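Could you put the whole structure together from the sequences, leaning on the hints where they help?
Each chain is listed here by its residues.
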Amino acid sequence: MSAPQLDDLDRQLIEALARDARVSNRKIALDLGVTEGTVRGRIKRLQQDGLISFTAITSFGLADSARMAFIGVEVNVSDVRAVAERIAELPAVNAVMITMGRFNILAICLFNSLDNLLEVASNQILAMPGVHHVETSIAVKTVKYNARVVRITAADRARIEALDDDA
Amino acid sequence: MSNDFQIDDADRAIVEQLRLNGRATNQQIANTLGLTAATVSARIRRMEDANKLRVVAVSDFSAHGYNVLMEVAIEVDGRPATDVVDELVQFPEVFAAHLVTGRYDIDILVALHDFDELPDLFLNKFGKIPGIRSMVPAIAVDVIKYKFDVAPIDAREEA
Numbered sequence: 090m091s092a093p094q095l096d097d098l099d100r101q102l103i104e105a106l107a108r109d110a111r112v113s114n115r116k117i118a119l120d121l122g123v124t125e126g127t128v129r130g131r132i133k134r135l136q137q138d139g140l141i142s143f144t145a146i147t148s149f150g151l152a153d154s155a156r157m158a159f160i161g162v163e164v165n166v167s168d169v170r171a172v173a174e175r176i177a178e179l180p181a182v183n184a185v186m187i188t189m190g191r192f193n194i195l196a197i198c199l200f201n202s203l204d205n206l207l208e209v210a211s212n213q214i215l216a217m218p219g220v221h222h223v224e225t226s227i228a229v230k231t232v233k234y235n236a237r238v239v240r241i242t243a244a245d246r247a248r249i250e251a252l253d254d255d256a
Numbered sequence: 004m005s006n007d008f009q010i011d012d013a014d015r016a017i018v019e020q021l022r023l024n025g026r027a028t029n030q031q032i033a034n035t036l037g038l039t040a041a042t043v044s045a046r047i048r049r050m051e052d053a054n055k056l057r058v059v060a061v062s063d064f065s066a067h068g069y070n071v072l073m074e075v076a077i078e079v080d081g082r083p084a085t086d087v088v089d090e091l092v093q094f095p096e097v098f099a100a101h102l103v104t105g106r107y108d109i110d111i112l113v114a115l116h117d118f119d120e121l122p123d124l125f126l127n128k129f130g131k132i133p134g135i136r137s138m139v140p141a142i143a144v145d146v147i148k149y150k151f152d153v154a155p156i157d158a159r160e161e162a
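Sequences listed follow chains A and B, in order. The opening residue of the first sequence carries number 90 in the working numbering; numbering runs sequentially from there. The opening residue of the second sequence carries number 4 in the working numbering; numbering runs sequentially from there.
All the pointers check out, no bait thrown in.
With the C-beta cut set under 8 Å, the calculated list includes, among others, these residues of chain B facing chain A:
| id | residue |
| --- | --- |
| 1 | Leu56 |
| 2 | Val58 |
| 3 | Ser62 |
| 4 | Val97 |
| 5 | Val103 |
| 6 | Asp110 |
| 7 | Val139 |
| 8 | Asp145 |
| 9 | Val146 |
| 10 | Lys148 |
| 11 | Tyr149 |
Quick caveat, the hints were computed from the structure, so don't treat them as lab data. Remember, it's a predicted structure, so these values are computed and weren't measured experimentally. Just so it is clear, CB atoms sit at the ideal spot from N, CA and C, and this is done for glycine as well.
Here it is as structure tokens:
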């Protein structure tokens with residue numbers, strides 16, 4: 090993966106939009122001393138390159154699912170991608186990484202009851218072909234969390250492009 | 004966390020629209036949902052002021068030059084895990100830190116520009132924190148899904 094070349098203006102834009110994505114192009118342009126057209130063009134390019142995405146983040150308190158769990162999955166290495174893709178389809182699962190380490194897949198899930206977690210980890214994931222073992226660990230307290238820096242996946246980019254087509 | 008804050012179906016619908024496109028104007032959202040732009044604006048502000056909602060740009064790890072991502076499980080020994088985690092979160096390489104149940108005590112997400120940074124992080128930074136018995140990594144080889152639109156807004160946030 091090659092690091093994209095971002096200049097200072099890109100970085101300032103990302104910083105401003107990470108604080109509040111609803112600020113107008115006009116206001117950003119004024120703050121940064123560039124034209125509105127430049128702001129619009131830069132934002133479009135950053136989105137197209139999969140470097141930024143706009144979303145709404147809600148607090149745990151507002152959501153129905155208030156707890157986070159880490160589910161480590163042991164699966165045959167030859168099945169790892171297929172299983173990871175199936176796990177990613179589960180709505181309760183927020184993140185899926187293929188990993189090298191003490192398990193082959195790490196799934197991060199949000200749940201609202203232990204029954205809910207049992208269903209995802211021990212019923213749905215464990216029953217998938219190729220899965221040998223799941224190990225669940227519940228986050229009791231979150232001390233640090235940076236929701237602004239993420240992995241923008243191919244699926245996210247497809248969704249952004251679809252939005253552009255609608256516009 | 005207080006649960007006094009109530010939201011209704013209109014709030015939920017607005018949040019849903021913002022998740023699809025955080026840059027949609029109040030007017031666009033209003034048109035889609037059959038509300039007025041003033042209502043949309045007031046409801047967004049109410050949720051933001053209560054720290055229940057943030058509409059933001061999220062950026063990819065690669066936009067910041069981070070090419071290595073790993074989850075690390077940590078076993079603590081002879082010291083409260085909360086004290087250990089308070090020291091771990093001081094490092095900018097640690098993007099997330101949770102106290103967890105199970106065999107390990109702390110779970111962290113680490114992002115590095117490249118593997119060359121690992122010896123310094125492990126030996127000179129983490130190595131100076133008392134009470135860490137072991138650190139077991141899982142290196143992210145590929146990320147299939149990464150969608151955290153529910154997050155602890157109250158937790159310490161850093162760019």
